[in-house]
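8 protein chains.
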Amino acid sequence: MQQYEWDYDRHQRTNIGEAVYCESKSVEQIQLILNQHIQNQANVLLTRLSAEQFQLLDADIQQKLDYCAISKTAILQSKSAHLADVSPFFANFKVGIITAGTSDIAVASEVARTLSFNQIHSEMICDVGVAGIHRLLNKIDNIRQFPVLIACAGMEGALFSVLTGLTHAPVIAVPTSVGYGVSKGGKTALESALASCAPGITTVNIDNGFGAACAAIKLAHMCKQWSQ
Amino acid sequence: MQQYEWDYDRHQRTNIGEAVYCESKSVEQIQLILNQHIQNQANVLLTRLSAEQFQLLDADIQQKLDYCAISKTAILQSKSAHLADVSPFFANFKVGIITAGTSDIAVASEVARTLSFNQIHSEMICDVGVAGIHRLLNKIDNIRQFPVLIACAGMEGALFSVLTGLTHAPVIAVPTSVGYGVSKGGKTALESALASCAPGITTVNIDNGFGAACAAIKLAHMCKQWSQ
Amino acid sequence: MQQYEWDYDRHQRTNIGEAVYCESKSVEQIQLILNQHIQNQANVLLTRLSAEQFQLLDADIQQKLDYCAISKTAILQSKSAHLADVSPFFANFKVGIITAGTSDIAVASEVARTLSFNQIHSEMICDVGVAGIHRLLNKIDNIRQFPVLIACAGMEGALFSVLTGLTHAPVIAVPTSVGYGVSKGGKTALESALASCAPGITTVNIDNGFGAACAAIKLAHMCKQWSQ
Amino acid sequence: MQQYEWDYDRHQRTNIGEAVYCESKSVEQIQLILNQHIQNQANVLLTRLSAEQFQLLDADIQQKLDYCAISKTAILQSKSAHLADVSPFFANFKVGIITAGTSDIAVASEVARTLSFNQIHSEMICDVGVAGIHRLLNKIDNIRQFPVLIACAGMEGALFSVLTGLTHAPVIAVPTSVGYGVSKGGKTALESALASCAPGITTVNIDNGFGAACAAIKLAHMCKQWSQ
Amino acid sequence: MQQYEWDYDRHQRTNIGEAVYCESKSVEQIQLILNQHIQNQANVLLTRLSAEQFQLLDADIQQKLDYCAISKTAILQSKSAHLADVSPFFANFKVGIITAGTSDIAVASEVARTLSFNQIHSEMICDVGVAGIHRLLNKIDNIRQFPVLIACAGMEGALFSVLTGLTHAPVIAVPTSVGYGVSKGGKTALESALASCAPGITTVNIDNGFGAACAAIKLAHMCKQWSQ
Amino acid sequence: MQQYEWDYDRHQRTNIGEAVYCESKSVEQIQLILNQHIQNQANVLLTRLSAEQFQLLDADIQQKLDYCAISKTAILQSKSAHLADVSPFFANFKVGIITAGTSDIAVASEVARTLSFNQIHSEMICDVGVAGIHRLLNKIDNIRQFPVLIACAGMEGALFSVLTGLTHAPVIAVPTSVGYGVSKGGKTALESALASCAPGITTVNIDNGFGAACAAIKLAHMCKQWSQ
Amino acid sequence: MQQYEWDYDRHQRTNIGEAVYCESKSVEQIQLILNQHIQNQANVLLTRLSAEQFQLLDADIQQKLDYCAISKTAILQSKSAHLADVSPFFANFKVGIITAGTSDIAVASEVARTLSFNQIHSEMICDVGVAGIHRLLNKIDNIRQFPVLIACAGMEGALFSVLTGLTHAPVIAVPTSVGYGVSKGGKTALESALASCAPGITTVNIDNGFGAACAAIKLAHMCKQWSQ
Amino acid sequence: MQQYEWDYDRHQRTNIGEAVYCESKSVEQIQLILNQHIQNQANVLLTRLSAEQFQLLDADIQQKLDYCAISKTAILQSKSAHLADVSPFFANFKVGIITAGTSDIAVASEVARTLSFNQIHSEMICDVGVAGIHRLLNKIDNIRQFPVLIACAGMEGALFSVLTGLTHAPVIAVPTSVGYGVSKGGKTALESALASCAPGITTVNIDNGFGAACAAIKLAHMCKQWSQ
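Top to bottom, those sequences are chains R, F, G, S, X, H, W and Z.
The numbering of the first sequence is UniProt numbering, which starts it at 1 and goes up by one.
The numbering of the second sequence is UniProt numbering, which starts it at 1 and goes up by one.
The numbering of the third sequence is UniProt numbering, which starts it at 1 and goes up by one.
The numbering of the fourth sequence is UniProt numbering, which starts it at 1 and goes up by one.
The numbering of the fifth sequence is UniProt numbering, which starts it at 1 and goes up by one.
The numbering of the sixth sequence is UniProt numbering, which starts it at 1 and goes up by one.
The numbering of the seventh sequence is UniProt numbering, which starts it at 1 and goes up by one.
The numbering of the eighth sequence is UniProt numbering, which starts it at 1 and goes up by one.
Hints were generated in silico from the structure; no laboratory data involved.
This one's a predicted model, so the numbers in the text were calculated from it and none came from an experiment.
Each residue gets a CB set at the ideal place from its N, CA and C atoms; glycine is no exception.
Errors might be hidden in some of the hints.
Which stretches of chain X does chain W cover? Using the computed rule of at least three CB atoms under 8 Å from a CB of chain W, they are [as the list claims (entries may be wrong)]:
| hint | region |
| --- | --- |
| 1 | 123-133 |
| 2 | 158-168 |
| 3 | 174-187 |
| 4 | 211-218 |
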């Protein structure tokens, strides 16, 4: 089996730690990649690693991983971690993760885990979907404290517009594949984010909690750099 | 040229007065249809009659029509109007027409004209799109007075969900073809209405102000019948 | 695990009782939500609760639920039911549920169960699809008695147009995901409802029996209010 | 400019006379093709020839053509017509062309002209769309006399199913591009024909009156052959 | 459980025997329908009846059915068969069923079984896809003998055009869901049939062997009627 | 004509100055809105204002506007500008606008004008599409100086991925409607941004230069707030 | 106005001469680009340059261009042509361009012009669409002489499969936007090429004659290199 | 069961050895086909043969097959192999197979196996996706040695454009179904290849490693023929 050519200096080049998307990889391929990272004492975040895939990994590799079934992520924290020296700047910088409903929590957890792997704090605020607008309005003062917001919503994704219209912070939308009929697969929520009447929303792919977290990480680092 | 076989007793069967959709008809066809109605002293509502089409009609027919360029509707009110004997019930029954933005007013006007042709009152409340949620909240007490609401919105159509979550009345969504990119043609607004997290919205085709009005007319008549 | 922030006063605000969509929720999440309702002595309707999900709930919770496998709905009727004091108005108000074929009965049952949970009566009339138009015509006098009609049809959804052309009552279309090839997933039936030549149809999302019932509930309450 | 390589013996091979689709051809190309046919004393049917294209042809060629603006067809009937010796069988064989609305007449006329060019009789029955089902039922006895039916309908195309459920004859659907919103371009009507619950419908492309006529011509010839 | 309202006189009205589409029906529903037919001594064709569904039927019902796993069809031939008195006309009338590849045989078998249930003969000619055009040309003389052709092809469906260009007989296309990538689900083959450059093809829904057979049955009966 | 209900305090709530999307508005509506702003001495940015629309405005209103035909934007700078007191923080903060080709400059100009109206500096770097990767690599050191990047690309949008993989800064993609065939309308470029293998890209709607600029403005203000 | 950053050494890097796609560029932009090439004595091919755009260029620039209205291409052949030293290898190497119909000739001409600009010979063979398969079979011996084939077809694109099944040479498909209804815009022809049952076809974007020619140029150069 | 009509002389006609696509075939059908080839001592390549299907074949047939689970291909090498006499020309001709990521290796292996069955050498270069452009640039000198390149990439497929812009050789894109959300199923990667700004890419269907290999085989044979 071939060597995996990973992107060693990605963190240095882009501020994002190495991550591997597992959905379309075989267990053999994932194991090969993990072994290379272990040998190189490198950290890596695995995303879309199903419980079935995780169970099929070698037992000693399983033990080295911090696995989370809800978010389907695993973290390999090898000895010489590249993120050891975290700046004090990030102590107070906390990303707000907002979900429309309970069904969006899996994706929101992928956001939180990716941020955490990259040493950024976050806080999750759930069930503030706009069908009962008071739920959002009741929490808006808290929500306005965050420097950046990541909103997770499926179905018609109306939360994106309302939230963006109420806040100063950049809002990154994560459309989720929660829905059926015309909204099956998350396309309606995605288009809602893209077509929003509220200026300043940006979006990532459906269910791409990882990508939204990466964008927030880039924002955080930019912020830190300009704060100096 | 052939006779037009119209649906004479539609009003009796369905509570909706005769209407003719003009977008895909030639001026000759429209004229033929109007002449038949004039001869039969029947009323008719013309929808999607462009200013160009209207200008090409015979001058004497133009004079008989009440034409509205914004809604692209014309009303032929012949002598023996089938709607003469209006029930007192409808004096107080007023449909609320809510628009997200200025761009939705053309469609909202088609709603209002169709209602008026069928002897139902309405009132239009504009520019309450959710990007500035306070605009909607400021008027919500007024909006809650209407027995039925017709909401017109394009782009991401978030208004439908927020409005429905705040009101008792049935909400009929009219997605409008206001938007570009992914929302060009109105599909995103339509899917937003269909996939809404707020239970109880029903919707009609994109830009179908006429259809929404007809649904409201049926509701009004049902209401009248049960009030007796 | 986080608290579920439910929408306590939804019934008061919108005339619709609390309901939870279970398709994209984990068994743990559903259980958490049910426990909160039990503790608060609140009623709740669960929709899209598969037999597999139901079987995995705790035995004592299962016993508290009235589960229906055909419609995939469960009803939790806690002690202090918010719907106890039903108006006498609703004694005679019965929603007509019309299905094109036997395959549409599952969705029609979701309609009936949602209505029943919200204290509205209904009656189901099945197998009147238009391929044999006499089946519909034979029952049209009965169908014309209902104040509101909910029509469930898949494939090409021609029933929506024919039915609407024959009746005074508002017709709410529920396109079903019955079909294959181009109509797989229910999109053709949905577009048929939206593009109908018969004025006054409104529609809900594919297989959204719950939503159609909610719209009918709103109509019923409006009707009751205006009958006073 | 290159020679046009036409399909000389198509009629002999397929029972369909030579025809040229003009929509995507330049006026120069159309003229070249017509000149070749004139030189070879061959007949040809031009379809989708817009009034603008027709006006730009050489005056002497225009005179040789029998042009119909409604159907956008032109017929070149050269001297040694290949269709001169028509069988007596076809004297009584008449194709029924049924339209849902006035807007479908242009397509229906393409059907009629193509049949006529190929020496098959037809009769058009208009405005029997199912929103007022009595219009169709009133004429059903007449419609049942035709050996083959070509139905032209746009919007939701419900006519196809109802008509097919009421008749013995083969029904060929021609979905038309009459509609807006979701049915814009005719796709809903097409899918309605394909997904119909009434067994035995076949369909052609949107607005393809020419193709439907060709299918009917093939049926007619098969019928004649088996009648001997 | 409710009665199934079947379409008793469909055969008389449309020349097609009663058939039931089983894909979206529960085993209970199928059994109910079969029992009603048995009690009424009526024949019925079941389509899309999977081996799993068949195995779950009551053993005595299974014994009464003639089941074919390839085509997923079952025939219930009760005592007083409505098709007993077959016309001698059909003795020589044989439908040609042409398949592009081995993968299309399942659909072709649904065609053959439907024809057989309705007392029409057929013959299958397989593996004449156009990637090796000689395979088709070698058999074209045989193919030209059939009064009507039903062509089954997936992928790009080029067979439809080539076959139609080579034959007098009406060609009914059955696009099959054989393919992957862009042609997954059969849409490319369907559009190929609709957009064909060869005039006179008509088509049915993807994998709809039943529908194509029904169209051929209608043709056969028309032919018989005109042969008298 | 009705009053326009504008969103007076949007700037205060969201850091974005008032803007009006003109594509779907009539000249009368635009004029009404401008007059209200003039009377209130408020600033406003008009987007998608075509040259034709601009020419039809009253001459005195035209004179008050700073119109740019390339970006189709107009700026009304009334007396009491809400953006007068600009922070010194923004003196050094410059957004990098990167275009793949010459065809993307119109959209890039909408970005620049929106930034400028909101008092944010920018610089445009053009023609660095990846078909000639050296063009991008040659300028990468300059590009790496910007705190935030807005990338405009049509066709296959490969620039988004390559650029993001080479830089620390947040990248906001603006897919443009440059392309034909499958990429007509900009959908391929949009999906490229969403599906990118390079983590951290966020995107806005097709051609939505305004939206991307608004997101950058929100970033800039967040950055300023955290720099204090 | 900004400088145009062109890709000077593209020919050296990729064997393809500099070309500029004009459809989405303004006349000012095109003129700027041409002036830069003239100043640098560089050759360039302009594609999708409409007659309207060409007419609006400065007269002296028009004179320097070799413009072809059918293919909408213009060639600027400056003094120090980079293609002057053509290899003798290419004297006998001729690309075969095959079209299904007359309507495909515009695209085929773009192929021929692009090849010619890059010093590769070609020959066009027209009107061999498969509806009359004999037209193709009659010319197959000639067609088999070409080392590479570029096939241009719209509608259902069946030519691609049949042609590829009959020849040794690589076949590059160019789907054209000739068609209506489901094949409008060329998508059906494109999918036909992609889903073909004949192995070995590759395809380019709809109407992309330029791209197909470039692929053939790359093939020709590879061939030349290996012939040495 | 019917005979399988295979395409005996395909290799002679098209330079491609016989191959059978197994995804939509039953085990019985595959076995029948293999037995015919064994009896005729003919070679055949099976593609898309799942491990499940392979396990269900008769044990003696399994033994005769060279099966590869990664690429899902099996090779039957019967005695009188038609590819025995390989030209010395092919000794040095090696196809370069380039993959963006580890997930694309399955498809790349189908390419390699198809080439090998047809006696063409290849070499695989993996993990050079453009998110870390240096990975591609580091290997570009090696990549430039191949006479033809087959690039396998999913998600946004940006590799196709960058690679083509850097090389002389023809590039055949194989979009893979690696991705989720908007890129689920491979459509975004496919459109990226089609819409690429880098001239000269051609593409095959999603996951069609077999087809890309066949195109390369045709190129190789053309090359050989012209080298003589």
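* **Within 8 Å of chain W (C-beta), three or more residues of the region 158-168 of chain X** => holds (count 7)
* Can you take a look at whether the region 211-218 of chain X is actually covered by chain W? Rule is 3+ residues, C-beta closer than 8 Å. => violated (count 0)
* Asked: Mind checking, does the region 174-187 of chain X have 3 or more residues with a CB under 8 Å from chain W?
  -> The restraint on the region 174-187 of chain X holds, since 5 of its residues have a Cβ under 8 Å from chain W and three suffice.
* **Claimed coverage, the region 123-133 of chain X by chain W - three or more beta carbons nearer than 8 Å** => Result for this restraint: holds, n = 5.
In summary, the one numbered hint that this structure violates is 4.
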